[in-house]
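**Q** Sequence:
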Amino acid sequence: MHNSVPVIYLSSSMEVLLSSNACSPLYQVFAPLGEIDALLFVTQNNVDHTVKICHGGEGAAYASRLKTTCAAAGIEVQMDRYISSRLTLLAGSLFPKRQVSVMELGLPLGRPSQEYTSLGEHIAQGLERGVAVVCLDRQASRENLTGQRDVQSALRRLQGLKMASGKRTSLPGDLVRDLIYTAVGISGRLAPSRFFGSDPADRQRAFNGCGWF
Numbered sequence: 001m002h003n004s005v006p007v008i009y010l011s012s013s014m015e016v017l018l019s020s021n022a023c024s025p026l027y028q029v030f031a032p033l034g035e036i037d038a039l040l041f042v043t044q045n046n047v048d049h050t051v052k053i054c055h056g057g058e059g060a061a062y063a064s065r066l067k068t069t070c071a072a073a074g075i076e077v078q079m080d081r082y083i084s085s086r087l088t089l090l091a092g093s094l095f096p097k098r099q100v101s102v103m104e105l106g107l108p109l110g111r112p113s114q115e116y117t118s119l120g121e122h123i124a125q126g127l128e129r130g131v132a133v134v135c136l137d138r139q140a141s142r143e144n145l146t147g148q149r150d151v152q153s154a155l156r157r158l159q160g161l162k163m164a165s166g167k168r169t170s171l172p173g174d175l176v177r178d179l180i181y182t183a184v185g186i187s188g189r190l191a192p193s194r195f196f197g198s199d200p201a202d203r204q205r206a207f208n209g210c211g212w213f
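Just so we're aligned: 63 in our numbering is position 63 of the sequence shown, and the numbers increase by one with no gaps anywhere.
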């Protein structure tokens, strides 16, 4: 049994996320989280077909544990001591009063949904309390209308799981969004505890998502 950490699936463009501030609805999603000293962004890469961990120097210990855990499960992981400045800025805006280590775990595209769930379970084994996970679905930005429809459909299916009060024993196989399957694997729970989103009419600040807290 792995330690329970906050897991959030978030669908939005980086431009929208970086424009958020302490008064935004997005900040209110992260503000109640407990003692967080590290933030792991799980993303997908259009180019690489491998699992890749990027980190700054302060995140080296966390990244090393993740790599060791994945290796034990037969998952080859590349390491890169570099972290996107945009993700660092985003972490600073989400946790403005805390100093958090930032890591990015890049996953390949096009794998079966069960593989993403299983990968999430292995990732969870390398996490400790004090880490929050954000599965950041940047490909479902507001400008990508097909992606947004997929996200909204998947969230409705997840809400159905929550309303069923645990009667389901497995995830629907057609949620489409790979990072949702990964989030479920990391959290160890099917139904999210919270759903959130901005005003659909506010096209400049639109985001959707859910969390397992």
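Treat the hints with care, since some could be wrong.
[To be verified] Cβ pair distances, simulated, as ranges:
| # | residue 1 | residue 2 | range |
| --- | --- | --- | --- |
| 1 | 15 | 170 | 22 to 28 Å |
| 2 | 4 | 163 | 31 to 37 Å |
| 3 | 58 | 162 | 31 to 37 Å |
| 4 | 109 | 56 | 22 to 28 Å |
| 5 | 96 | 50 | 30 to 36 Å |
| 6 | 58 | 160 | 27 to 33 Å |
| 7 | 28 | 86 | 20 to 26 Å |
It is worth saying that the hints were derived from the structure and are not from the lab.
Note that CB positions come from ideal geometry on N, CA and C, so glycine has one too.
**Q** Please list, smallest to largest, the hint numbers that this structure does not respect.
**A** 1, 2, 6
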